[in-house]
Amino acid sequence: MFLKIMFVLSALLTLGGAFLTASSKNLMHACVYLLACLFGVAGLYATLGADFLAAAQLVVYAGGVVILMLFAIMLTGGVQEFVNKFGLDKTPSMGSGKTYTIAGLSMIVTAFIVMKILAPVFKTPAQTDLPAFTSTVEKLGVLLVTDHVLAFEISSILLLGALVGAAVISRPRRGK
Amino acid sequence: MNSTVVSYLSQAPGYALAVNKLTELFGFDATGFVNFLLFFLVAFIVVNVMSAIGGLGTYAERKISADLQMRQGPNRVGPYGLLQFLADGVKMIGKEDVLPAQADRFLFLVAPLMCMVGVFASLAVLPFSNGFTLTNLNIGVFYLLGVSSLVGVGIFLGGYASNSKWSMLGGMRGASQIISYEVPVTLSILAIVLMTGSLSFDVITEAQGGLPHEWFVLHNPFTFIGFFVLFIGALAETNRAPFDLPEAESELVSGYHTEFTGMRFAFFALAEYVEVFVVCGVCAALFLGGYKVPFDLGTGELIMKTFPAVHPMLAKQIGNILQLKVFVLKTLLLYYVVIWIRWTLPRMRVDSLMVLCWKYLTPIALFNLVGCAVWLWAFEGKSVWTLIFKSGVAAAGGHH
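Protein chains in written order, with the working numbering: chain A, 13 to 188; chain B, 407 to 806.
Please keep in mind that the hints were generated in silico from the structure rather than gathered at the bench. On a predicted model such as this, the values are computed, not experimentally measured, just so you know. Certain hints may be false.
As the list claims (entries may be wrong) - Which stretches of chain B does chain A cover? Using the computed rule of at least three CB atoms under 8 Å from a CB of chain A, they are: (1) 493-504; (2) 512-521; (3) 542-550; (4) 553-567.
Stated by the list, open to error - Partial chain A-side listing against chain B, Cβ under 10 Å, derived: (5) 40; (6) 80; (7) 86; (8) 88; (9) 162; (10) 164.
To be verified - Label pairs and their in silico Cβ distance ranges: (11) 156(A) with 589(B): 39 to 49 Å; (12) 72(A) with 488(B): 18 to 28 Å; (13) 727(B) with 20(A): 30 to 40 Å; (14) 776(B) with 150(A): 18 to 28 Å.
Glycine included, each C-beta is placed from N, C-alpha and C at the ideal position.
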């Protein structure tokens, strides 16, 4: 009962946040709605019993990514009035006939692929009840440094590369 | 399953009685209802007591600063000026709620709430005592880091939404400072997580003892340094002096809350003072033994042994209240140190703040993490006192 209520609340938060993110005209507001949406996703993880994933979602997205996005929007001047001084809509149309055609075709192709992947999922008998809640932290930790140690190390190398790249780009050039 | 305050209180005889009575009254199983009521009641008490502590924090700040500067401080409202914060609160409510004309209305209204929500959500895992913790999440430390990062978003948005240069600068400073100092803070917490092998505040506290030599701060040289790294980082994360650049009054008027008036401003101030309590509590729980009381007094075992006639639940309750007192005492001592530092040290420059974080604290924290791992591997997690005692015994010819 409790889990169901929490699930409905998180799902509503996720969907509402996502809808408002997409429909909001102001980029900063969209970012705040996105934060609500990400919190909802964290709630969904928590109701599914993935407690560590839920907390990681909070730490990574609420703490890091959303603030970085806010910074980026603010520094690039993404917040503008979308109406000019005559009250006309300044927003340009999102594409031409060519782009819409390409997007439609690629969407159909992607949809076929996704359906092909999802087909066996729906054939399996529906699960009647969720398994009892257990902590996932230890399992995750053990698996990360045993079975999936290669993926773990590769992702750490990726992050290290990004870090070094950022340091190189932001370094003041001398002798110029 | 995670143990909560409800699963602790459900051991009391009154709980079963209440459940039975209500089940008869409603005609259905009232366990869930009683659990909800208990949770609601305890959360209500915790939030209100914390708000009172936040309010008294402003009083303590003034009184201690007055003491350090040889002044009297507030002494008119109530005995020793104790009710000053209530008077301030009434004044805040009475103020006009000004919304700047050019401000971003939605963000301006949401920003103070974000700060409040982030701080009060972190109270859910703060280990007040063995039984009275709201919930013992097995990822408690991680959860606390996650929800408290919402405060950074609130500060930043507050600065942005006011549409004022001072607020903007304060908000940007606040956000960059909080993000930067999260790195050394998390690394020093990680060292403790490594020592105990758990992310739960309960397990981490239980791994320590009641007496100072059993605390993690005196466990080995690396944790000793780690405690100070964590404490400095915590000062910076809560925007306290000497790191109060986001609200540097000599440069930025009042920083990110310049444009906020009345209760909106009070929300920011309250969130800051409660957050200081929370981070002091985290420092106490991770490094200073948390709620552990010496000589098994906390679990009530000593009381049960000495007075066998006492009901075991009563002994447990007494133990829990002792634990609560010890935890609050340690936290308030750290709180005093925070205020003391604020009125002693001058404010840092922005660049020296970043230099301190990235060139000193982060490498030291990394070194500590590796050092703790090596210590665990080399001495099997024994504390330095155990090693000294053992070598002393060996020198005295105590080999078996």
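Verification of the hints:
1. Only residues whose beta carbon comes within less than 8 Å of a beta carbon in chain A count, and the region 493-504 of chain B has 0; fewer than three means the coverage is violated.
2. Evaluation of the coverage hint for the region 512-521 of chain B: fulfilled, as 3 residues show C-beta separations to chain A shorter than 8 Å, against a requirement of three.
3. Requiring three or more residues with a Cβ within less than 8 Å of a Cβ of chain A, the coverage given for the region 542-550 of chain B holds, as 5 such residues are present.
4. Look at the region 553-567 of chain B against chain A: 8 of its residues bring a Cβ nearer than 8 Å to a Cβ of that chain, three or more, so the hint holds.
5. With a least beta-carbon distance of about 6 Å to chain B, the hint placing residue 40(A) at the interface is held under the 10 Å criterion.
6. Because the smallest distance between the Cβ of residue 80(A) and any Cβ of chain B comes to about 8 Å, under 10 Å, the interface hint for this residue holds.
7. Taking 10 Å as the C-beta cut-off, the interface hint given for residue 86(A) holds, the closest approach to chain B being about 7 Å.
8. Checking residue 88(A) against chain B by beta carbon gives a least distance of about 14 Å; that is not within 10 Å, so the hint is violated.
9. The criterion of a C-beta within 10 Å of any C-beta in chain B is not met by residue 162(A), whose closest approach is roughly 22 Å, and the hint is violated.
10. A least Cβ separation of about 16 Å between residue 164(A) and chain B goes past the 10 Å threshold, and the interface hint is therefore violated.
11. A C-beta distance of roughly 21 Å is found between residue 156(A) and residue 589(B), which places it outside the suggested range of 39 to 49 Å.
12. Judged by the Cβ atoms, the range 18 to 28 Å given for residue 72(A) and residue 488(B) is violated: they are separated by roughly 43 Å.
13. In this structure the hint that residue 727(B) and residue 20(A) lie 30 to 40 Å apart at CB holds, the actual value being about 39 Å.
14. For the hinted restraint 18 to 28 Å between residue 776(B) and residue 150(A), the CB-CB distance of approximately 23 Å keeps it satisfied.
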